[in-house]
Amino acid sequence: MPARPYEATISGLDLKRLIKYALAIGMTATLAGCTSEKAEALLTSVKAFAASSSAAIDSYESLFQDYRNIGFGSPDQKFNGAYAAIAKYGVTDLTSDYNNAVRSISALKSFESGNAEARSSFDEIRASYSLLADSYASLPQGSLLGAKYVPCGQLAVSKLTQQLVNFANDIDKKPLYPVEARKSYEAFVALASQGKKELAKQKFDDFYSKIHDYEIKHTEAKRKTIIAVEQGRRLYTLLGSYNSVTLSNLLGVVDSGFMLANSLRGVNLLAASNQLASVQREMDGSDAWKRIKELPLGSISSCPINLK
Amino acid sequence: VTLIMTQSSDNESQDLLYVEEAESILGLLFRRYANSDEADQFLLEPIISKAADELLAARLRLFRRGALTTPDELAKLKSLKGSIDNAADFQSIVIAALKLAAYLGAFA
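Note that the protein sequences, when read in sequence, are chains V and G. Residue numbers 1 to 308, in the working numbering, belong to the letters of the first sequence in order. Residue numbers 1001 to 1108, in the working numbering, belong to the letters of the second sequence in order.
No wet-lab data here; the hints were simulated from the structure. Treat each hint with caution, since some may be false.
Below, a list of computed lysine to any residue pairs in the SDA-like style, where the Cα atoms sit at most 20 Å apart [said to hold, decoys possible]:
hint	chain 1	residue 1	chain 2	residue 2
1	V	K174	G	L1017
2	V	K197	G	N1035
3	V	K78	G	L1074
4	V	K174	G	E1023
5	V	K174	G	D1037
6	V	K174	G	L1028
7	V	K196	G	A1106
8	V	K197	G	L1017
9	G	K1099	V	L94
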């Protein structure tokens, strides 16, 4: 496997290290410009960002789970198949393989090693977002993160925001149409070629609804991503000028989530994609975002970095 | 144009080709499946499931980390597609399906 020049994701561990570092410096720092109301508002905004990111990630997880689910018929069909296989080929390594038989039965349920891997991957991704929210939790009480070092959190926010944009792009470029849609489609082709119109229609309807249902869920994931990305973007800007931002600036991050959720209701997949693409163009056009994009996570942990 | 830098964009589009190729091979397997009797279908099911598991895992790794594949791996997959297209007997389809799962699983 080729070495990748830059990691596209932020692991929980890296983030933990980064935040610990920020906290350590923060404790010894002055508390200039960091009133407890502002700290409270900052915490609320960070939590809002973490919550909407988590909601977006949940919907991607669900797309991945659906991607793999293949139904292979009832227990009776399984028996008929197993029986017919032995009748046809005799008792061979393939027809009487115990593990194959178990696998064949267990495919009836939505278990599967692949899905377990999906679950733990997404748990890890979500953990980095909640870690960000947790790391600000003590700010209102003791202002552990001195205002001077809030920009360290800014880097984490930017990485986590860009990660969401990456997720959306990845799925856009190659949608996760469920594998089962192919199964229905191929069954339709086979039946149509045999002139079995009624049966072919059933399979085509299955195929149609699988694609259609997928696109509804994909669009929903995009909407949630746009909300989280917008909040992350605002948070990023505010963290960069924490000393001068106002309470209402900070609470505006939370508001933007509600407002976007409303305005995006009924937006289709194409419009959602366009909106995200324009966010990305904006990020690509900004020198600060570009510089962050090029920073490997390791160098971020040597906070503070001069972003200006 | 993502967090993955421009230098790796070649790898990125190659990964997309790789996933497309793997998905279309799975489509070929489903085509064989749809045209099989219930005995062969029963034997193909666990193998197709296995290949789908590995495809899910590969897509997941792409989703999380970006570029994965080399030109050599893409070529291997393309030749595998040919062998399923031309498979004359059931045994060669089974072998090709197992190979697909193995190729995809190699990124674990």
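Comparing the hints with the structure gives:
Our distance criterion of 20 Å between C-alpha atoms is met by K174(V) and L1017(G), whose separation comes to about 10 Å. At most 20 Å may separate the alpha-carbon atoms for a hinted pair to count; K197(V) and N1035(G) meet this at roughly 16 Å. Distance restraint check for K78(V) and L1074(G): the Cα-Cα separation of roughly 35 Å exceeds the 20 Å cut-off, and the hinted pair is therefore not satisfied. The hinted pair formed by K174(V) and E1023(G) meets the criterion: a straight-line CA distance of about 11 Å does not exceed 20 Å.
At roughly 33 Å between alpha-carbon atoms, K174(V) and D1037(G) are farther apart than 20 Å, so this suggested pair is violated. A threshold of 20 Å between alpha carbons decides the hint, and for K174(V) with L1028(G) the separation of about 19 Å falls inside it, so the pair holds. For the given pair, K196(V) sits about 41 Å from A1106(G) by alpha-carbon distance, which is inconsistent with the 20 Å threshold. Restraint check for K197(V) and L1017(G): the C-alpha separation of about 34 Å exceeds 20 Å, so the hint is violated.
With a CA separation close to 16 Å, the supplied pair K1099(G) and L94(V) stays within the 20 Å bound.
Violation of the numbered hints given earlier is confined to hints 3, 5, 7, 8; the remaining hints are satisfied by the structure.
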